[in-house]
Amino acid sequence: MKLEGTNTLPASVDTVWKTINDPDALRSCTPGLKELKATGPDTYQATLQIGIAAVKGTYAGTLSITDKRAPTHYKITLEGTGGAGFMKGEGSVDLEAQGNGTLLKWTGDLQVGGLIAGVGQRMLGGVGKMLIGQFFKCLEERLGGSA
Amino acid sequence: MPLRRITLRVNGTTYTGEAEPRKTLADFIREDCGLTGTHLGCEHGVCGACTILMDGQTVRSCLMFAVQAEGAELTTVEGLADGDRLHPIQQAYWDHHALQCGFCTPGFLMTTVEFLNDNPQPTEREIREGLAGNLCRCTGYQNIVKAVAAAASTLAAASGARRETRTAAPSRATDVMAAPRKTDGTPAASQRPRHSGKTAKRRSGPKR
Amino acid sequence: MKPAPFEYHCPRTVDEGTALLAEYGDDAKVLAGGQSLVPLMNMRLARPANLIDINRIESLAYIRDDGRTLRIGALTRQRATERAPQVSERCPLLRDALRLVGHAQIRNRGTIGGSIAHADPAAELTAILVALDGEVTARGPKGTRVIAARDLFVSYLTTSLDPRELLTEVCFPALPAGAGWSWMEIARRHGDFALAGVGVVLAARGGTIATARIGLTGVGPTPVRPAEAERLLAGRSPSEDLWKGAAEAVRAAVTPDGDIHASAEYRTHVAGVLTQRALREAWERVREAA
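Chains as they are written, first to last, in the working numbering: chain A, 1 to 147; chain B, 1001 to 1208; chain C, 2001 to 2290.
The shape of chain A in the complex, shown without the other chains:
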């Protein structure tokens, strides 16, 4: 499942870069994140609790950031499993100056399997997009946006 999107953030490329590399920012903006523990440089162990309506699942997994080209690009790899299924994904983030702000482009390729994929197939893409949207909206707020 391929997802992509863009967000305009009200801060300079350097500030945005700092924020998306700040574990505190990631911790407070990732929807449903219960725990984020650094296990090495740019690698984290994460516990996520994601629930849509009555369907609630806890996923434990790893998240690593690679391919860093400060201050404009990195790649994220994540892998998680939980009672409802597993997910595996890869994404990239690119920053570009745009006026006084920054244009953030993201793409991701997410694989979801197990029970949740069997039942929730119709909504997975949309829910994934929605969660990523929540993440960026939170970043925007942190960066002093109007949202």
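Hints are not guaranteed to be accurate.
Stated by the list, open to error - A few chain A positions that, by computed beta-carbon distances, are all more than 12 Å from chain C:
1) P10
2) V13
3) L36
4) T39
5) A46
6) L78
7) T81
8) E96
Stated by the list, open to error - Straight-line alpha carbon distances no greater than 16 Å define the calculated EDC-like cross-link-like pairs of lysine to aspartate or glutamate that follow:
9) A:K68 <-> A:D94
10) A:K56 <-> C:E2265
11) C:K2002 <-> B:E1031
12) A:K56 <-> C:D2259
13) A:K129 <-> C:D2026
14) C:K2002 <-> B:E1124
15) A:K129 <-> A:E90
16) A:K2 <-> C:E2265
17) C:K2002 <-> B:E1126
18) A:K18 <-> A:E35
For the record, the hints were derived by calculation from the structure and aren't laboratory data.
The structure presented is a predicted model; accordingly, all values stated were derived computationally and were not measured.
For each residue, glycine too, the CB sits at the ideal point set by N, CA and C.
On the provided structure of chain A, position chains B and C as indicated by the hints.
Chains B and C only, in chain A's frame:
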């Protein structure tokens, strides 16, 4: 979890059993009432194999808990035939080779009972739409559609004959059920399914 | 596949039901028809600690016509609603769409309130409620409140109802006299969730369209009301070109997701085609009624 006492009627016989609230009605029918004609395919409301009649209407018994059927009147596939005499819908399925492995058949039969009650003279398209909630992996559906059309004709002929002798109109739910049996609209009581429930107790037979 | 254990509650009155919800709230789930909830429980994707079964609250099953609106109790079965003469007479759009909600076995159990509260992004009833500017009534610890359809649907399976609130009534405004309507949807198989669906109501004045209402399903996280398309139609004389223009406006208004059943592009295309067909059929009915 504490067990709950559940009393319900299946094919005119009263059963009482005890079950956790999470036990599905389908499992209660199979395990506690010992009526294994109701089949479980997908257990999440897609395949229709567990279709039964509850108070005259089809329901998927895997999508209900047994506690919810307390006091309900159920009909399962065992309630269709009159002893060795098949119900006209069963006979039509037999005659038209509408089953191969037979796993889905109980659900199809119960769906057909309600469908022909509601729509005694369906078109082929209506039959296909009426059966859309049941899955069959053997037949390709062609012969099931033929069987339902044939059953409609048989039942129409029977109800035409019945109309001449009948005084009181039977309820909607028992109309098709009554067709092969008596002319007064009540299901025949002479043949009851054998009962081998593990915990459910049969308490009383149907009224005669 | 068996559900995880839960505490079972079976209130007989709305007061009992809301008291239980006030007590258990986040740890509870309301069981109405169960045709979406029980599959999730069977697969253990949903594991509510408390299940509040409202099926024995008989006072919640009714259909009343107050002259302007059909007020339908939350527990009214979909099958009973589709067969009710008042619904055929006052809101045939609802009847026609209900016939495509799952299968008969599903609609015999499925309820009007359950379908609305579940807020599936491909549901028929949610789109109709939004198109008609309907509303729902909910009761919770803070009392009774009325929520307009446009404020109800938040996202996938998410409404603005509080977990402690019980949906008690769904109000579908009756169609204006002489109005034409149409429900159109495309699904892989009869009774499946729609890849896209649309409901249309056209009210006429003389030979022109007075107002148009459109509600779409399956093309986004919530039902879509394409305001631009409705504006385009109001006050105009019907024509194939007008239908085409409205279909284009609908395509511009929707943002569906792709999945294994259909791509986003296909859904967008279909939403337009269905709108065109639905407008044609609705106007046909206006003319028949005149």
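Against the structure, the hints:
| no. | hint | result |
| --- | --- | --- |
| 1 | P10 | holds, 24 Å |
| 2 | V13 | holds, 28 Å |
| 3 | L36 | holds, 24 Å |
| 4 | T39 | holds, 29 Å |
| 5 | A46 | holds, 21 Å |
| 6 | L78 | holds, 20 Å |
| 7 | T81 | holds, 15 Å |
| 8 | E96 | holds, 24 Å |
| 9 | A:K68 <-> A:D94 | holds, 10 Å |
| 10 | A:K56 <-> C:E2265 | violated, 30 Å |
| 11 | C:K2002 <-> B:E1031 | holds, 14 Å |
| 12 | A:K56 <-> C:D2259 | violated, 21 Å |
| 13 | A:K129 <-> C:D2026 | violated, 25 Å |
| 14 | C:K2002 <-> B:E1124 | violated, 37 Å |
| 15 | A:K129 <-> A:E90 | holds, 14 Å |
| 16 | A:K2 <-> C:E2265 | holds, 14 Å |
| 17 | C:K2002 <-> B:E1126 | violated, 34 Å |
| 18 | A:K18 <-> A:E35 | violated, 21 Å |
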